[in-house]
Each structure stands twice: as structure tokens, then as C-alpha cells.
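Got chain A; can you put chain B on it based on the hints?
The residues making up each chain are set out below.
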Amino acid sequence: MIIAPDAAYNPVNQPIITPRTRLAPGITMGRFLGGYGDKQTMTHIIDETQRLKLAKQYYLQAQVIRVVADDITGRFADYRLVVAEGLYRPAPGEILDIGSTNHYMANGQCVVYELIDEEGNNAAEKTFELAVFLKDHIEFDKLILDYDSYDPTGELNAQIAIIMPEIRPPWAATYSNKIETTFNNYVQSTNELVEILEV
Amino acid sequence: MDEITPNTTGSKDGFTDGNAEYPYRSYVNVASTNEAARGYTVNKVYTGGGYKNVSLDLKPLAPSGYPNNQVKQTASGHITEYDDTPGSERIMIRHRTGAGVEMRSDGTMVFSSTGNTVRVTCQDEKVIVDGDGELIYNGNLSLQVAGNFDLVVGGDFNVTTGGNNNEEIRGSHKKIVRKTQKTIVTQHQSNFVGGEQTETILGNANKIIKGDTQQIVEGGFELYSGDEFIITAERMSSISSPSVNIGAKSLTLIGDSGTIGGDNIIHYGKSYWGETFHGTLNGKADEAALADLATGANIAGGLGSPGSANYPSHDTTTTVEPTAAIMSDYLHASSFGVREVSIDPGDVLKDTIDKTNEYGGIADRELTVSEVRSKLRDKNTLSNSKFIGAMIAEGKLNPGYIQAVPSKIGRTVSLDATPQRGTTQLGNNGDLTKRYSK
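Chains A and B, in that order, are what the protein sequence lines are. Here the working numbering = 1-based position in the first sequence + 6. Here the working numbering = 1-based position in the second sequence + 2.
Calculated from the structure, these hints are not laboratory results. Each hint should be verified, as a subset may be incorrect.
Claimed, not checked - 25 Å max Cα-Cα, derived DSS-like pairs, lysine-lysine:
id: 1; chain 1: B; residue 1: Lys212; chain 2: B; residue 2: Lys352
id: 2; chain 1: A; residue 1: Lys184; chain 2: B; residue 2: Lys381
id: 3; chain 1: B; residue 1: Lys61; chain 2: A; residue 2: Lys132
id: 4; chain 1: B; residue 1: Lys381; chain 2: A; residue 2: Lys148
id: 5; chain 1: A; residue 1: Lys132; chain 2: B; residue 2: Lys410
id: 6; chain 1: B; residue 1: Lys410; chain 2: A; residue 2: Lys184
id: 7; chain 1: B; residue 1: Lys54; chain 2: A; residue 2: Lys132
id: 8; chain 1: B; residue 1: Lys398; chain 2: B; residue 2: Lys381
id: 9; chain 1: B; residue 1: Lys209; chain 2: B; residue 2: Lys352
id: 10; chain 1: B; residue 1: Lys184; chain 2: B; residue 2: Lys352
The shape of chain A in the complex, shown without the other chains (with noise of 0.2 Å):
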């Protein structure tokens, strides 16, 4: 699929990528280096092609932020879609698991969200609508439904991974469309979507 960017919010036509990059009306580059679960910067990426891809790759995050925001159901409207986990940067001594998520995640192909309630929590019920949601209205190469009691407090957490092919230069892309639940990192259904109620 050949995918044709708002020029205004294409990243090509910007002179440098920088976390003010802006990649769509009140989205920049800046949103998914912040994630709440592990915050990082780009200073470690100097390469400005190796920037340039990177910003291409969360253009397409960036979009999926906006189809939430867009949606006027409402049915979202009580909560707020924040980026857990965007850049990853792998410690000095560890060595990732190609193909895993993190994999993706240092890449800039996946980008991790969860959804907060007014409260400040969690909203996990709301989430599996929310992965519903997004498999219907965007592409993807994969969707996580990411379940987990890792808190110490045994609580069920949930989020949503939205894994993005990589762009062929200039703006090509494959979808694959591939839908996963998981539990612990345990994989509980491939092309199901399986909502989790309990730990």
C-alpha cells in the first residue's frame, strides 16, 4: 500500500527530526519519546536518515492517536489514549529478542498505549472496546491485546501494542492486520481478540 502523508505533517519535507518534530495537528515526535513506562530521548540517534525513518514510522502512530481522538461516538471520550512506551533503548549489556516488541519498540515500528480513566487508572474493560475499536477502523501489521498482573499489587493492567510495518522509502507499506492477545507475555489467541476480566 502506498501511503500519501498530510504534507504538512510529513516528516520528509521537515529540515531536521527533532522530538518538535510535528507529525499531526497537535502530535510531535516529542509524544512518543515520553511514554510514561520508559522515558527516552533520540540524542542517542544522530544519523539524521536513521531520525527520518523513525519519524515516518510514528507518522503512522501518530495516526491512530487522531482516529481515537476523532472518534465521535464518544465512546472514548472519558478517557484518555497515552503513549506507555514509544522509543526504546536498550541498556548497555542487554541484548533484545529480534522480533519482540521491544524489538519493534527501538525501532520506532511499535509504540505501546494504554488507556486511562478520570481517575488516573488503568481503564482495562474499556481497552478490549478500544482494541476492537482500532482493528476495525486502522492497519496494522500486528495488534497486541497486553494483558498483565506484573504490578506488584497483582492488579490487571492492559494496554495495547500497535505494531506498523516498516515503511519502504519513499511511503510503502504492507499490513498485515494480524491480531494477538496476551497474557504475562503468554499468547492467549492469534486473530482473537480476547478480553480478560480476571488475573
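Just chain B, lined up with the frame of chain A:
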């Protein structure tokens, strides 16, 4: 809203619904009074939820009681409400996008913008908040102050920077710490001073270095001590200079082997103890004194009377001879001996600031629960027992992380497109079951 007769003809005469738009589906065959006025729906401006662990602290809105709520809704969806419902008194002005202003019954005001917000104050602005505040920018933030920027913090001032912290001070920098200051640098620190540096320490100063240290001074280098000055080295000490002066009222220069002196060294002393002396002696040895016995004999003729042996006076003062055994004691068992140096054996201290070893190479600093979740997305990390053990021990990870199957599941949805109720009215027949698929 006034009663509107359903019209499907698309009449353009100005007295009917020309676009066949009214009534909306939800008003077909029911009273045309706005649903919000009747308490069937509750309109509110867009808030979009809080942020992780940040609550908006908004109380739930109760439905209005008819006829206390004056609702005006325009064709495009703008809404104003003046609600006098006892206990739920509020005022709301909402744009069709959800942006607007809301004054709630408890006095809470909600300002919401679904696009950009522009605020311009041509003169002064005062902001007074008696309670707490939370500011969250998911993007970047730039703050420009043309004049002075004064910040007064009554309590702690905590700053966490995920990336670099670059600070340029074009004037002077003065920092006063009334109590203690602690700086931890996990990797390298470099100070560059173009001019003079003066460090005045009124208490003790300790510098503990695990590796090597070099102090290179192109100019003069002076070390003064008002009390003892001790230099020891476990392996070797070297001092070299074209001219070295060592002066003491009481001097001890000892070793069980080695060399003292040189071609043009002049020795002064009171008493010398040794085994062999080579070279010219200006003085009289004991054996040479015996030659005095021969000074009475005539060189030719008869035997004369013997002379007397004039022995030089002896100073018999002794100190301890620095034998190998004594020097060994001196170096390793006396107060003047070599200090054994061992700094942070086993890197125990280092591991407290650099967590790389403790965390199995996965991170070099302490992590939050969310960061642990992020790390565990990788299989290599999941199987890193050192990291997992540390996280459980620190209370950052639920020991039940290994649970592979949840106890209860709910809805399931396949990859097929989900049937959805349309958001745009299809016709005007009031058919609530109309559905479409993507």
C-alpha cells in the same frame, strides 16, 4: 426543542425541514423536549480521562430533573445548559466537538479544548491555587521569560530528566547548600576551569580512588601539612628531580638493601657501621694505629724503643641495624609501615549506584513498575533470572508474573469486521436496528 413534524419529502418552502433531517432518530415518536432537559442524557464537555495515577477528581454528574434544566441545542450540536436541578446546579456551554466550559454543582470549573488553546493577556496575570496542581504535557514544553524568573519552593524540589540536562549560564553561578550535598555520577565526570580554582574545606577531606590517579602540574606544586605527612605505597615510590632537599632534625633513612650516595656526595656523620670500606680514608683506623708502635725504631742501626699506639676515640652509640627482618617488620607491622589499600572489594559500593551487575545487564539504574513491564516484553529479559529475582526482591514485580493463564475471561472478538451501529443517520425511518459493517 420545538415539536417538529417528520418530513421525508425534502420540501424547500422554508416552513418544513428542507433536509429531511428532523426529528433526530432519538426523538421519533417521543416528546421533542431535549433529552438532557428531561434527564435522559447528561451532556458534558470533553475531558478525555486523567493521566497515569493523576485523577481529574470530577464527581459524577447526576441527570437533570425536568423542568429545571434549560437546554438549547443547535442544529450542528452546540449546547448550552442552565441547570437548576437541586443538588446538580450547573452551567455548561459546549461546542459540538465537545470543547467548552462547564461550571458544576460543587463549584468545579472545567475548561476543555478539543483543538488548540490560545490565551493572550495583554497586561498582568495572577494565578492563585490554594490546593495542589498537576501539569502534564504529552508533547514538548518551552518556557520563555524575558525578565527574571524567580522560583520559591517551600518543600523539596525534585527534577528527573530522562535525557541530558544542558544548562548554559552566561553570568555567574552561585549555589549555597546549608546542609549536605551528595553527587552520584555512575559513569564519568569532567570539570574544565579556564581560570583559577580555589577549594576551601574547613573540615576533613577524603578522596578515595579505586583506580589510578594523576595530578599533572606545569607550575609549582606545594604540599603543606600542619601535622603528620605520610606517604606510603604498597609496590614502589619514586621521587626524582635534579635537586632534592630532604631536611629533618631527626632523620631515618633505612633499607635492608640498596644504594646511598654518589660520585660527589659528601657524607657527614658521627658514627659509621658497616662491613667493608673501599677507597681513601682520611683519618685513622684502629689497625693503622698499630703503626705508631714502629715510630720509635731507627731506620738504620740498633733496635730502638717501640712507640705507642695512639688509637682514635670511638663513639659507640648504636641504633638498630636495619636488617631484612627488621625492615620487614618496619614496612608491614609498624606505625611507619606501608598502608594496605583496598577500595570497594567486590564492587559492593559500585553496585549500589550502577545496577548493571545486580540486574543481569538489563538496566543500570533502579526501575519503576512500568519500566519493569516494558523490559519484560523481551523473552531474553523474561528468562533473566538475576533480573527477575532483583525485581521481585525490590517489590517491583508481582511474584505471580509467571502465571500463564488468567482466571476469568469475557468477550471475544474475531478478526472479522465488527458490526457497528451507524453514527450517521441512514434515512429517517426510525429503524433502530439498522446496522452496517465496515
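Comparing the hints with the structure gives:
1. Lys212/B to Lys352/B: Distance ~10 Å between Lys212/B and Lys352/B Cα, so the pair holds.
2. Lys184/A to Lys381/B: It holds: about 20 Å lies between the C-alpha atoms, which stays within 25 Å.
3. Lys61/B to Lys132/A: 20 Å, holds
4. Lys381/B to Lys148/A: 18 Å, holds
5. Lys132/A to Lys410/B: 16 Å, holds
6. Lys410/B to Lys184/A: 24 Å, holds
7. Lys54/B to Lys132/A: Distance of about 15 Å is within 25 Å: holds.
8. Lys398/B to Lys381/B: Cα-Cα ~18 Å, so holds.
9. Lys209/B to Lys352/B: Since the Cα atoms of Lys209/B and Lys352/B sit roughly 16 Å apart, the hinted pair holds (cutoff 25 Å).
10. Lys184/B to Lys352/B: 15 Å, holds
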